[in-house]
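Visitor: Those sequence lines, one after another, are chains A and B. The numbers in numbering that gives the first Met the number 0 rise by one with no breaks, and the one at position 103 of the first sequence is 102. The numbers in numbering that gives the first Met the number 0 rise by one with no breaks, and the one at position 183 of the second sequence is 182.
Be aware that a few hints might be false.
Stated by the list, open to error - Here are the in silico distance ranges between beta carbons for each label pair:
1. A:Phe-5 - B:Asp-119: 58 to 64 Å
2. A:Ala-166 - B:Thr-175: 23 to 29 Å
3. A:Gly-91 - B:Asp-172: 54 to 60 Å
Claimed, not checked - Not everything, but these chain A residues come out facing chain B in the computed CB check (under 7 Å):
4. Ala-166
5. Leu-178
6. Gly-179
7. Pro-243
8. Ala-246
Source of the hints: derived by calculation from the structure; they are not laboratory data. Here the structure is a predicted model, which means the values were calculated and not measured. Ideal placement from N, C-alpha and C gives every residue a C-beta, glycine not left out.
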Amino acid sequence: MPTPKFWGLNARPSTWLRYTLAALPFLLAVLAYAVASDLRHADNPDDKLLPGLGQMIDAVKQVALVPDKRTGQVVLWHDTLASLTRLGEGVGLALVLALLSGLNIGLFPGLSALFSGFLVVVSMIPPLAILPILFISLGVDEAAKVALIFIGTYPVLTRDITLAVRAIPTEQIVKSATLGASATALVYRIVLPQILPRALESLRLVLGGAWLFLISAEAIAATEGLGYRIFLVRRYLAMDTIIPYVAWITLLGFLFDYLLRFCNRRLFRWYGDKA
Amino acid sequence: MSDPKKIHIEDVYKVYDGRAVLDNVDLCVSAGEFCALVGPSGCGKSTLLRLILGQEQPSRGSVLIEGQAAGFPDPRRGIVFQRYSLYPHLTVLDNVLLGRRLAQPWSWLPWSKPRPDDRDEAMDLLERVRLGDAAAKFPHELSGGMQQRVAIAQALIMKPPVLLMDEPFGALDPDTREDLQVFLLELWERERLTMFFVTHDLEEACFLGTRLLVLSQYYTDARGADAPRGGKIVADYRLSPTGTATAVKRRDEFKNFIHELRETGFDPAIRRHVKDFDLEHPDSFQTLTAEEYRRDGEKSAGNP
Numbered sequence: 000m001p002t003p004k005f006w007g008l009n010a011r012p013s014t015w016l017r018y019t020l021a022a023l024p025f026l027l028a029v030l031a032y033a034v035a036s037d038l039r040h041a042d043n044p045d046d047k048l049l050p051g052l053g054q055m056i057d058a059v060k061q062v063a064l065v066p067d068k069r070t071g072q073v074v075l076w077h078d079t080l081a082s083l084t085r086l087g088e089g090v091g092l093a094l095v096l097a098l099l100s101g102l103n104i105g106l107f108p109g110l111s112a113l114f115s116g117f118l119v120v121v122s123m124i125p126p127l128a129i130l131p132i133l134f135i136s137l138g139v140d141e142a143a144k145v146a147l148i149f150i151g152t153y154p155v156l157t158r159d160i161t162l163a164v165r166a167i168p169t170e171q172i173v174k175s176a177t178l179g180a181s182a183t184a185l186v187y188r189i190v191l192p193q194i195l196p197r198a199l200e201s202l203r204l205v206l207g208g209a210w211l212f213l214i215s216a217e218a219i220a221a222t223e224g225l226g227y228r229i230f231l232v233r234r235y236l237a238m239d240t241i242i243p244y245v246a247w248i249t250l251l252g253f254l255f256d257y258l259l260r261f262c263n264r265r266l267f268r269w270y271g272d273k274a
Numbered sequence: 000m001s002d003p004k005k006i007h008i009e010d011v012y013k014v015y016d017g018r019a020v021l022d023n024v025d026l027c028v029s030a031g032e033f034c035a036l037v038g039p040s041g042c043g044k045s046t047l048l049r050l051i052l053g054q055e056q057p058s059r060g061s062v063l064i065e066g067q068a069a070g071f072p073d074p075r076r077g078i079v080f081q082r083y084s085l086y087p088h089l090t091v092l093d094n095v096l097l098g099r100r101l102a103q104p105w106s107w108l109p110w111s112k113p114r115p116d117d118r119d120e121a122m123d124l125l126e127r128v129r130l131g132d133a134a135a136k137f138p139h140e141l142s143g144g145m146q147q148r149v150a151i152a153q154a155l156i157m158k159p160p161v162l163l164m165d166e167p168f169g170a171l172d173p174d175t176r177e178d179l180q181v182f183l184l185e186l187w188e189r190e191r192l193t194m195f196f197v198t199h200d201l202e203e204a205c206f207l208g209t210r211l212l213v214l215s216q217y218y219t220d221a222r223g224a225d226a227p228r229g230g231k232i233v234a235d236y237r238l239s240p241t242g243t244a245t246a247v248k249r250r251d252e253f254k255n256f257i258h259e260l261r262e263t264g265f266d267p268a269i270r271r272h273v274k275d276f277d278l279e280h281p282d283s284f285q286t287l288t289a290e291e292y293r294r295d296g297e298k299s300a301g302n303p
């Protein structure tokens, strides 16, 4: 009985077929866009809604290579740096604090009783709903944007890390006490290294949300940033800038995800092999 | 006491949700003894181990380790569990070294390095459990039997006054299991350890132990036939050392002894009175309460 290549539960696609299949949806999407763009341009050569590849390359050259006449800065890099700084600050702060609180809430029953319920309720607050509060209380500068990213990611990260800590077998914790571990040593020597890879995995998952909060905050009040630019040029229907920007954000997101996965595999060999 | 016993348990009760698991248990263990604890499922043998370990506290009564209250888990006793004894993020060597590194101040800092003496000692221990070659491996790269040997070495580096083992070979296949039994006996003879070994396997207990304890909830006393009873030590034998030859397991007297044990301790239909327990070991003692002590036939004053 030959093994099917594609159809059915027992299919075993060969290596080249797997790569081809993976590339296919991308090609189809680009093709569909090209056809639609061509059709619209046949009707109206000045169409702005579905710009052709040439138009987009021109627009990208304008923002990525030519310094802005007024400020002397290259717009794309300036925006990217501003956005990534906000993202890094918000997510970095969330990760560090989530590790500290998740470890302690997960291990110490007293702290768990104190904070667990509060954390569950706080994580239910839609972060975007309190964006106005942040702008009112922190002003429209960096602090409010970083705070929004932090508030959007910290509770989820903390809850996930707490769960990971609780999943560590009691046997390990009892054994560490018989080996003379103090509470501090248990937290930072035995539990922290074990949940770090899991924390990086949760970070990968919350990064998507972090981008959402970043772009929302930038859309509402900012003077630079990837989200700011997209919403600025929207007024001129500049799809030839918006689409490359979206592609760039997607690429950045993909790169971070890949980087985190790579770190996990490299730094925590025991974790990857075990799974 | 001038020479406190390694373990001293007196009048210990453990009650969960109104149900007694351990019922007035008394036990005393001398240094160098290899205690094997067996019993039918639900008799509370793991609970008794957790009381000695300090993972749980008795509802009543006292548990002493070398004359001091057992308290919470600490280096006065080592433990080897059936599973999860090793830390998956540490290499085999680091797992064994952990106890020594934790003894250093600021040990939780990631860059705290082991002292060379400790390293040598850990390597030496690994050689003794025949795992010198596996020092750089991670626990998941080892077989179940090798993992348990590392767990034993990990506990031994602390030189604990008492080494507790909770069904350490329960998850292993029969061949590996027998290997490790022989290995453990050799280790015990060499190091003169005080062992407290919990198992559900009678054969294993009789082969390993110098003292056999049977914990069971199947007995009678003067509290009425239907009174809920927790586990008690119903038999306490001194065993002659079997040596490390596993052939002894095939001998008839060994088999007969196990058969007899199975009836007295494990069969719910055969119940002995608390006054008739086989407590022949010299360390054995029993403190019965008045309502336990009366014979069934005698007039009982009723349960208070």
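Visitor: Could you work out which earlier hints the structure fails to respect and list their numbers in ascending sequence?
Guide: 3, 4, 7 and 8
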